[in-house]
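Chain order of the listed sequences is A and B. Counting from 4, one number per residue, gives the positions in the first sequence under my numbering. Counting from 3, one number per residue, gives the positions in the second sequence under my numbering.
No wet-lab data here; the hints were simulated from the structure. All of these numbers come straight from a predicted model, not from anything done at the bench. Warning: the hint list may mix true and false statements.
[What the hints assert, rightly or not] Here are the computed distance ranges between Cβ atoms for each label pair:
#1 B:Val66 to A:Asn36: 21 to 31 Å
#2 A:Asn7 to B:Asn106: 35 to 45 Å
#3 B:Thr45 to A:Lys121: 56 to 66 Å
#4 B:Thr7 to A:Lys96: 27 to 37 Å
#5 B:Thr572 to A:Asn36: 36 to 46 Å
#6 A:Lys96 to B:Thr45: 36 to 46 Å
#7 B:Thr572 to A:Lys96: 24 to 34 Å
#8 A:Lys61 to B:Val66: 24 to 34 Å
#9 A:Gln114 to B:Asp63: 47 to 57 Å
#10 A:Lys96 to B:Thr925: 52 to 62 Å
#11 B:Glu649 to A:Lys96: 51 to 61 Å
#12 A:Thr8 to B:Asn31: 44 to 54 Å
#13 A:Asn36 to B:Thr616: 53 to 63 Å
#14 B:Asn106 to A:Leu76: 31 to 41 Å
[Unchecked claim] Counterexamples of contact, computed for chain A against chain B with all Cβ distances above 12 Å:
#15 Leu22
#16 Leu28
#17 Gln65
#18 Arg68
#19 Asn122
Note that CB positions come from ideal geometry on N, CA and C, so glycine has one too.
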Amino acid sequence: MFINTDSIKVKISGMNNYLSLGQYLVEAKYGYNKLWSSDSGRNLAGTQSGTLIGIFPKLILQFRRLTKTEFELIAPILDAPSQSLQYYDPNKKTTVTMTTYTGDYEVVNKQIISGNAKNEGFSCSFIAVRKRS
Amino acid sequence: MKTHTSNFKNAIKTFGRELDSKITYTENNTTIELGNEQLNSITPHYEGGILKSVMKQLDIDSNVEIPLGTILTYQFGVKVGNSYEYINFGNYVVYKSEKQEDTNSYKITCYDKMLYAMKEYEDIGVTYPITIRDYITTLCSHIGLTFRYPTGTFANYSKQIPKELYLDENGNSLGYTFRDVLDEIAQASASTICINETDDTVEIRYLNNTNDTIDEEFLKDVNVDFGEKFGAVNTIVLSRSAGSDNIYYPSTLPENPVEIKIVDNQIMNGNDRDTYMANIYAKLNGLEYYINDFSSTGVCYYNLCDKYNVSIGENTYSCVMFNDEINITQGLQENIYTDMPEESVTDYTKADKTDRRINQAYIIVNKQQQEITALVSTTQDIQKEINPTDSTNGSSIYLEDSTDAELVSFEVEGKTEQATRSGKNLFNKNDVTSNYRLNSDGTVLSSNGFSVSNYIKVSPSTKYTFSRNSSETYYGNICEYTTSKAHIQRLYIASDKTSYTFTTTSTTEYVRISDGTDNLNYEQLELGNSSTSYEEYGVMPSPDYPSELVSVGYQNLFNINGTKTNYNATSSILNNTLTVIATGEYAQTNYSIELDKGNYNISGDYTNSNSSLTSAYVQIRYNNTQLLSINTLNMNGFFKGTFTVNEKGTYQIRFSNNGTSSVITNTSTYTNIMISKYGTSYIDYGKYGLEVVSQGANYFDTSKITNTNIIVSDNGKTLTMPIVTSGNGITGAGATLKQLAPNLKVGDTVYLYATRTPSTYNKYIYLHGSSFIWNFGNSKTITQQDLNGNVSFYANRYSDGETSQVVITDFRIVKTQNTAWEEYKSKKCLYTLNEPLRGIGNIKDLLYIKNGMLYVDRKIGSVVLNGTESDWWYQNTQFRKSLENAKQSTECLSNYYKNTGTDNRVNIYLENYMYIENSSITTLESWKTWLSTHNTEVNYILETPYTEELGEVDIPVTYKDKTHIDTTDDLQPKMYIDYVRDTQLTNYVEEHISQIVINEEGITQRVETIEDSDYDSRINAVEQRQTDTELTVDVISTNIDKTNGNIQEVTTTTGFTFNAEGMSIKQGDFEILQTPQGAYYKEGNNVVGEYTKDGSKQKDLALFGVYYYGMKDKDDTPMFVTQLYTDDNNEECVGHFYNGGN
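Chain A with its partners taken away, still in its complex shape:
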């Protein structure tokens, strides 16, 4: 849940401090995805049975148009194999830090002909590597 501009912070290896992403975002979508074991199914009584491996949070962040300088700051984070991301978790009622990997992202540049090309807004997913404790 986004409760203030510092509700989502991220850091990758080599960074000393977390970078607050609120200033770059227009939307954040929080997904709490359940992962079930392959033993899931119905038991002999017909009751659904199975092991919940865990809940793996997934944040889909919609970035606004970024300036060249801004994008140069953000891109290494998105391209890193893993990130440390902090977000406010309504279940835990506190800020949770998790290791994530990112999904693919695409940035569109328009007005190339006019010479005023700018980055359009884009979205990128941050998916937890481990289940939420």
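Guided by the hints, dock chain B onto chain A, whose structure is given.
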């Protein structure tokens, strides 16, 4: 079952369960814990069964390499609420590890510590014969394991392994592994042998009925097969020689035998193998379960050998956990199956009931010597017929003609006692006013030293007698009163009168008595004109004066699961062990326990983790006063002490593992904690114990002397004292009389004998407890103080000039005057019972041992009424209740009510129900309320007695010549025994029978010709066999002079020389077996007897034929036996040594 909560059972079958795994081990002194992040999969599994050993396996797929040989612990957890509840799968040894390059992980194979048994068997350094229990204890120790029951019992635990079975004569391997040997012990003990998951000990495990049921919610919807039912087992077969030699049990074959067959077991391969079968049968009889093969969504908490039920629809299947595989990945699946035991059908027409038959030859494969031996087994039937036994009984048995043997039969009668009072004493010493006496007008006036009673109800015109102590110094008065308590008259009792009889007036309804306060405990007012023995006031038992029912069997009064409090400590209970972790100064865990008046023992074992302790103890406290304190400072040890309770109340048992003001780290464990009135062997809380002690003539165990300055030698016969250079020579034994003579009891009258050299001084010992000098040769009645006190001997009395070293010989404490010294011999058997042994009148419970198994015939029932019973009703002023299996209109006992009496206030009778009359209570509600605070025990005679079977036990023994057999029970129950007498016949037969297993050709045929009923012929046959077989043939070059028959000289290979001058013996003594065929024997140089075929001396008889020379097995006595021969006149004769011309 593995330890778990009901929440675990619910959580593991709940949709959306969450799982966790933990592996913990130590590497380079660092504890490492692997969790789900490092572990890809875990698979614990085993393939087990009955009558075998089982090794559990753990397969791990890990991202982390674990070094080979590492001992790791695996725990599996399910989330219950907000945290995981883990169950312990035990410890495993990393046996193999393979790198899986494709996944960059490790495939690790682990086994539990049964792995240590997977090596070739080798000499384990035991002395044979040895009991199976001692053998497995030593075997486990040899391979680095601990046997769980070194003093416990299991089927056939006391059976003897006669010799090394798994190595050849030269100590070379026969190809067995230690695991093979454990398999054979599992068969002999009718068990499964495995590693205990909690403490890594080697466990003899029997089926454990969990009474737990799993239903369809635990089962997957595929692969669920429940097949036919196996059992119920009703027959045991021991098989050898490729199935050609089978014996079965029980002797009466069931109509449809369902058998368990044990094949070629080396332990049960002797001619006593049939003696194993009853105990195996007792464990396996009735075993039944369903064959099954099913996949589960995960149960995880069953252990090997757990019995459980599977409920599917209308069907319930009883199953046993023998094979299990739990696949733990991201999810969980458990595969369980139990097969039918190996198919086995015995041809019973070719099998026999036992090996105890004459005319029966068996073939035994002797793996040690790699040969096949014909075995003729004949002993038991003969032994039964000709062994003389005798019977006796008593609460304390003393035998003077016993021998070294187990009792042939042993029984103990139940007994119930309680203190009773008739109510004859009308004077209540607890209802008096002190420092007052009766005035002449019937009022009271202040007077120091006197006490005056309350009004006592009496009858008019009736004779009463008042009695009191003979040493009274105060005069007494009796005042009589009317119904309205108006004074009638005052009677005077002179101080020198011990009794005073008076007749009440026609209007007297009450009396009061005043007398000296110091006389209260002796004052009695009773009906009649004579004084009778003193009895305290109040009918007992009655609601006001209850009286406990005491039956045979002591209890452990300490409940480890009882109420406890901690101070600067945390405590926990697991497996009968109290663990206390000190967290601060004066750390302690305290228990509260209700105790009656009396003497108590407390005992137990303890360990500490901190070797630097300065204060740790177990204490008994009452009202903040310390009654007993026992130091527990060692790393491990036992605590033991006695204390006296003078006042009934709540006592505190304190376990303090840091008694200082410093904060230290210490974890202590306390196990086998027991508080008891007289039993000393540990029993569980809620059980009852009966100790039976066999004791030789000498009660003093010199091996218990702990003062190392006193040298004990010659098996305790000689005590060499230190030389002292001051004082009177007093030298402590370092032990109490109770420790030195553990079987002496308070009230025993015993004699002390010893010989002191030099004999001038100090011919006594010193009992500190009573500051008592006990002279050699004197008797003494033992007191508790004597038992509690330390014993001191006396060395040289230096203060009177005695400087030479003192030697005390033949020191003994005996119960019979002038009994000679003998080595201390004692054996204590403990019998653990579910209930005490009770008795009402002549109807008594009966404990007995049969075929090594303990049984109790229950003839008395018991019920404790506490008001929660739902079947009370009130009718005819009686509170009535049904009582199943109670015998109608028979005697019963209660702690609150008498069974007899004329008033209806306090009576119990039994018809098809029981009822209690209590005239002070008139409603059912108030009756139940009263019962809730006055729990009422009723013992009653059973309409249909029943028998409890309590498993295999030790059998009490007798010793050669003199044996005392006692119980330690306070009630001294009566015992009945049959024992083997020590007679010449016994010895004679034993010697022969000990030789009866033979290989010599021809002997078998001789025995086979004997009619079973021909007793004498049997004796002779045995005797002849002795002649033929026991002795090593030693053909002596006798050099006989045929002209006169004289022997010139005979020399045996072992150095005995006989010559023509009378066969003087050059080495030791010898004797020759007396036989009807004739023989000659001497003791030393004295001719004791000579025998020939017609009983006459034939001193010049020539010596022909072969002489046999050998050593008797029993006592290594050298002996000669001659052989029959036929002389020139065709007469049968016997060889005869020339005796020197007498």
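Hint by hint, here is what the structure shows:
{"no.": "1", "hint": "B:Val66 to A:Asn36: 21 to 31 Å", "verdict": "holds (28 Å)"}
{"no.": "2", "hint": "A:Asn7 to B:Asn106: 35 to 45 Å", "verdict": "holds (42 Å)"}
{"no.": "3", "hint": "B:Thr45 to A:Lys121: 56 to 66 Å", "verdict": "holds (57 Å)"}
{"no.": "4", "hint": "B:Thr7 to A:Lys96: 27 to 37 Å", "verdict": "holds (28 Å)"}
{"no.": "5", "hint": "B:Thr572 to A:Asn36: 36 to 46 Å", "verdict": "holds (41 Å)"}
{"no.": "6", "hint": "A:Lys96 to B:Thr45: 36 to 46 Å", "verdict": "holds (38 Å)"}
{"no.": "7", "hint": "B:Thr572 to A:Lys96: 24 to 34 Å", "verdict": "holds (31 Å)"}
{"no.": "8", "hint": "A:Lys61 to B:Val66: 24 to 34 Å", "verdict": "holds (28 Å)"}
{"no.": "9", "hint": "A:Gln114 to B:Asp63: 47 to 57 Å", "verdict": "holds (55 Å)"}
{"no.": "10", "hint": "A:Lys96 to B:Thr925: 52 to 62 Å", "verdict": "holds (59 Å)"}
{"no.": "11", "hint": "B:Glu649 to A:Lys96: 51 to 61 Å", "verdict": "holds (58 Å)"}
{"no.": "12", "hint": "A:Thr8 to B:Asn31: 44 to 54 Å", "verdict": "holds (49 Å)"}
{"no.": "13", "hint": "A:Asn36 to B:Thr616: 53 to 63 Å", "verdict": "holds (60 Å)"}
{"no.": "14", "hint": "B:Asn106 to A:Leu76: 31 to 41 Å", "verdict": "holds (34 Å)"}
{"no.": "15", "hint": "Leu22", "verdict": "holds (27 Å)"}
{"no.": "16", "hint": "Leu28", "verdict": "holds (31 Å)"}
{"no.": "17", "hint": "Gln65", "verdict": "holds (31 Å)"}
{"no.": "18", "hint": "Arg68", "verdict": "holds (39 Å)"}
{"no.": "19", "hint": "Asn122", "verdict": "holds (38 Å)"}
Consistency note: the structure conflicts with none of the earlier hints.
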